[in-house]
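Asks: So the protein lines, in turn, are chains L and D. Our numbering puts the first sequence at residues 1 to 227. Our numbering puts the second sequence at residues 228 to 527.
Everything labelled a hint here was simulated from the structure, so no lab data went into it. There may be inaccurate statements among the hints.
When the alpha-carbon atoms are kept at most 20 Å apart in a straight line, the in silico SDA-like pairs for lysine to any residue are as follows [claimed, not checked]:
id, chain 1, residue 1, chain 2, residue 2
1, L, 51, D, 515
2, L, 9, D, 523
3, L, 51, D, 364
4, L, 51, D, 352
5, L, 51, D, 361
6, L, 9, D, 519
7, L, 119, D, 231
8, L, 51, D, 445
9, L, 51, D, 353
10, L, 51, D, 524
11, L, 9, D, 361
One side only, chain L facing chain D, incomplete, derived with CB under 7 Å [said to hold, decoys possible]:
id, residue
12, 50
13, 76
14, 94
Beyond 12 Å from chain L on every Cβ pair, some chain D residues (computed) [claimed, not checked]:
id, residue
15, 251
16, 272
17, 361
18, 372
19, 428
20, 466
21, 512
We put the beta carbon where it would ideally sit given N, CA and C, even for glycine.
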Amino acid sequence: MIIARDVCKSYKTAVLSSANSEFPAGQVTFLMGANGAGKTTFFKCLLDLEKCRGTFDFDGLTFAQVRNQVFAVFDDAPLYPRLNGYANVEMLLNSRISKNDLNDAWKLGTKRSSVDLLKKPVRTYSSGQRKRLQLAAAILCRPRYLILDEVASGLDLETMDAAIRMIRSLKSESVIIASGHQFDFYARVVDRVVLLRNGHMEDIEGDGDRNASQLERIYRAHAAQVD
Amino acid sequence: MLRSKIVVLLLASFVIAGIGSAIGLVSTADTKLQMFNRTLTQAQDAGDSLTAALSRPLNVTSDGQGGMLVDNPLRYDFEQAQSSFSVLHPLGFSINALQSLMFLVVPLAAILLALALVTRDYRLGTLKVRSSRASFRTIRNSQFLATVCSLVFGTVVAILSAVAAGALLASSLQSDKHVVALANFGSATASEFGKTFGLEVGVGAFFAAAGWGIGLIVRQALIPAVAFTIWDLMCPLLGRFDPRTLWLTAARALLVFRGSFEIPTLSPTPALLVVVSLCAMAGVVALAGVLVSNRVTRYT
Chain L
1 MIIARDVCKS YKTAVLSSAN SEFPAGQVTF LMGANGAGKT TFFKCLLDLE
51 KCRGTFDFDG LTFAQVRNQV FAVFDDAPLY PRLNGYANVE MLLNSRISKN
101 DLNDAWKLGT KRSSVDLLKK PVRTYSSGQR KRLQLAAAIL CRPRYLILDE
151 VASGLDLETM DAAIRMIRSL KSESVIIASG HQFDFYARVV DRVVLLRNGH
201 MEDIEGDGDR NASQLERIYR AHAAQVD
Chain D
228 MLRSKIVVLL LASFVIAGIG SAIGLVSTAD TKLQMFNRTL TQAQDAGDSL
278 TAALSRPLNV TSDGQGGMLV DNPLRYDFEQ AQSSFSVLHP LGFSINALQS
328 LMFLVVPLAA ILLALALVTR DYRLGTLKVR SSRASFRTIR NSQFLATVCS
378 LVFGTVVAIL SAVAAGALLA SSLQSDKHVV ALANFGSATA SEFGKTFGLE
428 VGVGAFFAAA GWGIGLIVRQ ALIPAVAFTI WDLMCPLLGR FDPRTLWLTA
478 ARALLVFRGS FEIPTLSPTP ALLVVVSLCA MAGVVALAGV LVSNRVTRYT
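Using the sequences and the accompanying hints, generate a full structural model.
Replies: Shown next, in the form of structure tokens:
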């Protein structure tokens, strides 16, 4: 479980004001918020990419103690353009990998995916293929803590289905926090919704089984109403 | 490492510099040998001989107009040729390559490489993924270490290039009948090579630390790279406390320059002051880089 306590972050104005929440293992938590609500800022603080006030507790440990069990997939899927897929995953994971393992992960359970692309420099990849490579890296490292920031944007239907299978396969052993706006995608994987609004976090009660229109209703009722 | 275009460019520049230094050394020896042969022919026509000339003293005085007056030109040209031939061996080619690289190629290569490596993850945005899995301190230190290792690797490649090119070029000279008589190989020693190599690594590490620190502060490479290149090539701003002048001062105190590279006369600076000034400069820039990079976002 990740516990966020009194997380505060300001730029010129306050973005997070004493944000508190718990993110349990075995569940996918959907962090819902309007543009500018502070979802990415929360991830920056969680991943120690920026200094903030407050604390994060990772199953009783600090971020520095668990960082090799963390993996984050960001919307822009940053990679090294001159390196091929294999070399990129090694760089991002900071470890040697088996090509066969990455080939399997790259297929994400689909039948028609060719692994030839992995031998090519990443500059030839589309944005969807770059994101797919990062998802494959996530499968390879099987992180205890998985952060998915706008992971669904730019994915084709097949990759989206495969990403859903990947998230479900990791769910039992991981703490997964996802944010984004493709409700039809997230409705298929989320167990819990946390609303980020006006710098605070609040749980949205529910039975854990939601569809896209329910998520959209929650969004329209709460997240879009920023003070 | 070799997958990086900038490292390949660095190695290419080191190879070119290494071969260039060997060509310079051999062509200097060739020129000096031709000059000696000309003087010897003239002396023999005048009834003089090399043995007789070597037995007479040699006096070199200034003519007051920037030139010099030599009272025993045959002995002078012989000693000049002998001196230039004495470095035509692997150790001599290596030391000359190191001395040529040290003040011309290494500072520029070190700072540009450090800037490129330290700013690449910021530019590509990969830092946010990497630094969430590995400590930022480790990433930063590995970038500095990679810069220094690349420079050392480049230096070794330059030495090998210089030795290979030098051996090839010198083989044509060694067929000359006077070479055997002139040759006084082995004047350069392994300890001389060790000192030169050590100083070169010091110069590389100093400028790598400067580029690393500046890269961490500004987080982009182009403007500092252009500014440094202009400064490096055109204007030593800090007088005798200019870093390059300080390294030249250290080199003059520690090294023997027998080859094609010569350093200018410098105003004396105490050794302790040189060491303290260089350490302080590198330390301040590197520390500022660490402090600034700890405070700014790694989400780019």
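Asks: For every hint, state whether the structure bears it out.
Replies: Status of each hint after checking the structure:
A hinted pair counts as satisfied when its Cα atoms are at most 20 Å apart, and residue 51 of chain L with residue 515 of chain D qualifies at roughly 18 Å. Between the alpha carbons of residue 9 of chain L and residue 523 of chain D the distance comes to roughly 13 Å, so the proposed pair stays at or under 20 Å and holds. The straight-line distance between the Cα atoms of residue 51 of chain L and residue 364 of chain D is roughly 15 Å, inside the 20 Å bound, and the hint therefore holds. Among the hinted pairs, residue 51 of chain L with residue 352 of chain D is consistent with the structure: their alpha-carbon atoms are about 18 Å apart, no more than 20 Å.
Taking the CA atoms of residue 51 of chain L and residue 361 of chain D, the gap is about 17 Å. The hint holds against a cut of 20 Å. Between residue 9 of chain L and residue 519 of chain D the CA atoms are separated by roughly 19 Å; this keeps the pair inside 20 Å, and the hint holds. Simply put, residue 119 of chain L and residue 231 of chain D have alpha-carbon atoms about 17 Å apart, close enough for the 20 Å limit, and the pair holds. Distance check on the hinted pair: residue 51 of chain L and residue 445 of chain D sit about 19 Å apart at the alpha-carbon level, within 20 Å; holds.
This hinted pair checks out: residue 51 of chain L and residue 353 of chain D have alpha carbons roughly 19 Å apart, not beyond 20 Å. Taken as a hint, the residue 51 of chain L and residue 524 of chain D pair is honoured in the structure, with Cα atoms around 8 Å apart against an allowance of 20 Å. Of the supplied pair hints, the one linking residue 9 of chain L and residue 361 of chain D is violated, its CA atoms being roughly 23 Å apart against a limit of 20 Å. Contact between residue 50 of chain L and chain D, as hinted, is supported at the beta carbon level, the nearest pair being about 5 Å apart and thus within 7 Å.
Annotation: interface hint on residue 76 of chain L holds; nearest CB of chain D at approximately 6 Å, less than 7 Å. Look at residue 94 of chain L: its Cβ gets to within about 5 Å of chain D, closer than 7 Å, so that hint holds up. Separation of residue 251 of chain D from chain L is adequate, the least Cβ-Cβ distance of about 35 Å exceeding the 12 Å criterion. Separation of residue 272 of chain D from chain L is adequate, the least Cβ-Cβ distance of about 66 Å exceeding the 12 Å criterion.
With a cut of 12 Å on Cβ distances, residue 361 of chain D falls inside the contact zone with chain L, its closest approach being about 5 Å. With a least beta-carbon separation of about 15 Å from chain L, residue 372 of chain D lies farther than 12 Å from that chain, consistent with its non-interface assignment. The Cβ of residue 428 of chain D sits about 27 Å from the closest Cβ of chain L, beyond the 12 Å cut-off, so the non-interface label holds. Annotated as non-interface, residue 466 of chain D keeps its C-beta farther than 12 Å from every C-beta of chain L; the closest such distance is 40 Å.
At roughly 23 Å, the least C-beta separation between residue 512 of chain D and chain L is larger than 12 Å, which holds for a residue marked as non-interface.
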